[in-house]
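Turn these sequences into a full structure, and let the hints guide you.
Below are the chains, spelled out letter by letter.
Protein chains: 2
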Amino acid sequence: MPSFGGIEAGGTKFVCAVGTGPDDLRAEVRFPTTTPEETIGRAIEFFRQQTEPLKAIGIASFGPLDPNPASPTFGYITTTPKPGWSHTDLAGAIRRALGVPVAFDTDVNAAALGEHRWGAAQGLDTFIYLTIGTGIGGGGMANGRLIHGLMHPEMGHVRIPHDRGLDPFPGSCPYHGDCLEGLAAGPALEARWGQPGEELPADHPAWLLEAHYLALGLVNFICVLSPQRIIMGGGVMQRRHLFPLVRRKVQELLNEYLPVPTIMEQIDDYIVPPGLGDRSGVLGAIALAQQAAR
Amino acid sequence: MPSFGGIEAGGTKFVCAVGTGPDDLRAEVRFPTTTPEETIGRAIEFFRQQTEPLKAIGIASFGPLDPNPASPTFGYITTTPKPGWSHTDLAGAIRRALGVPVAFDTDVNAAALGEHRWGAAQGLDTFIYLTIGTGIGGGGMANGRLIHGLMHPEMGHVRIPHDRGLDPFPGSCPYHGDCLEGLAAGPALEARWGQPGEELPADHPAWLLEAHYLALGLVNFICVLSPQRIIMGGGVMQRRHLFPLVRRKVQELLNEYLPVPTIMEQIDDYIVPPGLGDRSGVLGAIALAQQAAR
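These protein sequence lines are chains B and L, in that order. For the first sequence, the residue numbers in numbering that gives the first Met the number 0 are 0 to 293. For the second sequence, the residue numbers in numbering that gives the first Met the number 0 are 0 to 293.
One or more of the hints may lead you astray.
[Claimed, not checked] Ranges between beta-carbon positions, derived for each pair: (1) D166(L) with Q194(B): 29 to 37 angstroms; (2) F73(B) with E37(L): 54 to 62 angstroms; (3) L165(B) with P204(L): 22 to 30 angstroms; (4) D23(L) with T72(B): 41 to 49 angstroms; (5) D166(L) with P167(B): 15 to 23 angstroms; (6) T261(B) with G98(L): 32 to 40 angstroms; (7) G176(L) with P1(B): 53 to 61 angstroms.
[To be verified] Derived list of chain L stretches under chain B, where covered just means 3 residues or more per stretch with a C-beta under 8 angstroms from a C-beta of chain B: (8) 139-153; (9) 158-164; (10) 207-220; (11) 224-233.
In case anyone wonders, no lab produced these hints; they're calculated from the structure. Since this is a predicted model, take the numbers as computed values, not measurements. Just so it is clear, CB atoms sit at the ideal spot from N, CA and C, and this is done for glycine as well.
Structure (structure tokens):
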């Protein structure tokens with residue numbers, strides 16, 4: 000059976016795996032994201048140690064990045080605020096070292112592909128996968144294919160209402176201040192409340208505000224793309240009590256404007272956690288590799 | 000040569016036309032939108048007067064509406080705030096009266112199709128068509144097909160930052176108050192400044208605020224869908240001096256986060272007026288009819 004490699008290249012850690020799907024992951028390694036040279040080197044080393052040859056490798060990367068195979072900077076991470084990683088030819092380095100076809104997309108587009116193939120988006124043609132963690136990212140499919148358009152979605156950077164009387168925190172996005180990511184990603188939670196989200200009790204007022212911001216983002220995504228489902232993953236969403244809060248706020252904000260039963264009555268199946276748990280990204284990378292090999 | 004009918008069903012007026020494209024419009028009529036019975040009756044009368052038989056009719060309608068042919072309420076306008084028009088079976092009434100296939104979509108999705116076929120979106124696969132007029136609506140294509148997903152986009156209802164110190168106007172959307180439509184559609188302009196947009200001089204401060212709100216909407220659309228182009232039509236955009244203001248604000252708000260030449264250097268070709276002028280909607284309706292006949 001042919002084997003595929005997947006790299007989930009995150010801003011905090013890299014996950015590399017080999018296999019063909021969720022029931023056949025033959026090897027996996029996780030290590031922190033440090034310099035490009037060291038981090039990419041460890042990924043290459045992991046794949047070189049595998050005994051079976053790989054047909055292709057998929058990379059699910061943090062961004063912004065260039066996912067257009069026709070572009071001279073295809074495979075590059077472009078303007079990331081992450082120190083040292085701007086203009087890094089991630090896909091090229093992997094391809095040159097390992098000599099196999101390399102597919103390259105955003106972490107969230109890859110996770111969307113993984114969820115479509117094996118998880119919570121099976122059978123859908125238009126949906127969104129979000130991660131709420133160190134940053135906020137969103138990808139997805141429209142009309143049955145991953146969304147690229149001009150580049151790729153950057154859903155975390157939508158602008159939303161921010162009542163500075165209620166919440167004086169100025170936002171933590173280095174580009175946009177109080178965009179969705181600046182107000183609601185993990186670092187914003189921690190900076191605003193003085194302790195990380197993992198440590199805030201479930202009845203802390205932090206969570207109502209967090210659900211409010213996330214719901215504002217979701218309402219915007221719904222108005223623009225009309226997704227059939229929204230999958231919310233990432234570290235912050237590990238706090239499962241957030242889901243019912245976000246669902247209720249989305250309904251309140253839409254105010255019965257969109258009269259579809261999916262939103263009005265079945266919202267528990269509309270805004271959901273990933274079907275693949277915390278493996279959407281790396282499995283999505285393997286799904287990208289399988290696409291590239293076809 | 001076969002002939003097709005198109006209906007642009009707007010909240011203010013209906014436009015009906017017969018032909019095959021922008022260079023072959025054989026008849027056209029415009030009349031105000033009054034009650035459903037009277038208005039639909041006039042459209043039927045217009046098509047009955049045509050001597051050539053029609054192969055199909057396309058309807059580009061205000062919404063929200065049900066564009067899903069598999070749904071029992073396909074062809075209905077659903078929860079519109081427009082008095083008398085909620086739950087109106089617009090496509091069914093036309094089909095029953097005229098006995099031809101009827102295609103049905105939002106005014107803005109149809110306009111997007113028209114612009115794709117004959118106008119400013121030729122050759123693109125992912126783009127947005129907006130109308131800024133009595134309301135704000137947005138439709139478009141993703142991966143080469145019109146966006147439907149769960150229902151259809153409702154881009155005018157995204158939530159954006161609203162500084163009530165700077166602009167105390169509470170917003171005019173009956174569902175959401177100060178969503179994009181509530182802050183920036185024609186009626187909001189008129190209510191805020193005491194005179195309609197057509198009468199406000201080009202150097203009036205109204206326009207900088209208007210461009211600011213529209214740019215916030217556009218930035219959100221760019222972050223979610225990554226369109227290759229954004230086409231802005233509708234009555235408010237007849238004031239052409241708005242285009243350079245909106246383009247500059249979009250660049251300011253993105254703050255060099257998306258490093259693509261299309262946005263950084265070629266924004267005059269990125270945010271553009273419709274190629275079909277004020278006929279995108281009715282020509283799009285004809286394009287819908289042609290799709291339905293194939």
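Do the hints match the structure? See the list:
For the pair D166(L) and Q194(B), the supplied restraint of 29 to 37 angstroms holds, since their beta-carbon distance comes to about 36 angstroms. Judged by the Cβ atoms, the range 54 to 62 angstroms given for F73(B) and E37(L) holds: they are separated by roughly 57 angstroms. Hint check: L165(B) to P204(L), Cβ distance near 28 angstroms, so the stated range 22 to 30 angstroms holds. Between D23(L) and T72(B), the C-beta spacing of about 44 angstroms keeps the proposed range 41 to 49 angstroms intact.
At roughly 20 angstroms, the beta carbons of D166(L) and P167(B) sit within the given window of 15 to 23 angstroms. At about 34 angstroms, the beta-carbon gap between T261(B) and G98(L) stays in the expected band of 32 to 40 angstroms. For the pair G176(L) and P1(B), the beta carbons lie near 56 angstroms from each other, so the given range of 53 to 61 angstroms is met. By the rule of at least three residues with a Cβ nearer than 8 angstroms to a Cβ of chain B, the coverage given for the stretch 139-153 of chain L holds, with 12 such residues.
Residues of the stretch 158-164 of chain L lying with their CB closer than 8 angstroms to a CB of chain B number 4, which satisfies the three-residue condition for coverage. By the rule of at least three residues with a Cβ nearer than 8 angstroms to a Cβ of chain B, the coverage given for the stretch 207-220 of chain L holds, with 4 such residues. Using a Cβ-Cβ cut-off of 8 angstroms, 4 residues of the stretch 224-233 of chain L lie near chain B, which meets the minimum of three, so the contact claim holds.
In the structure shown, no violation is registered for any of the earlier numbered hints.
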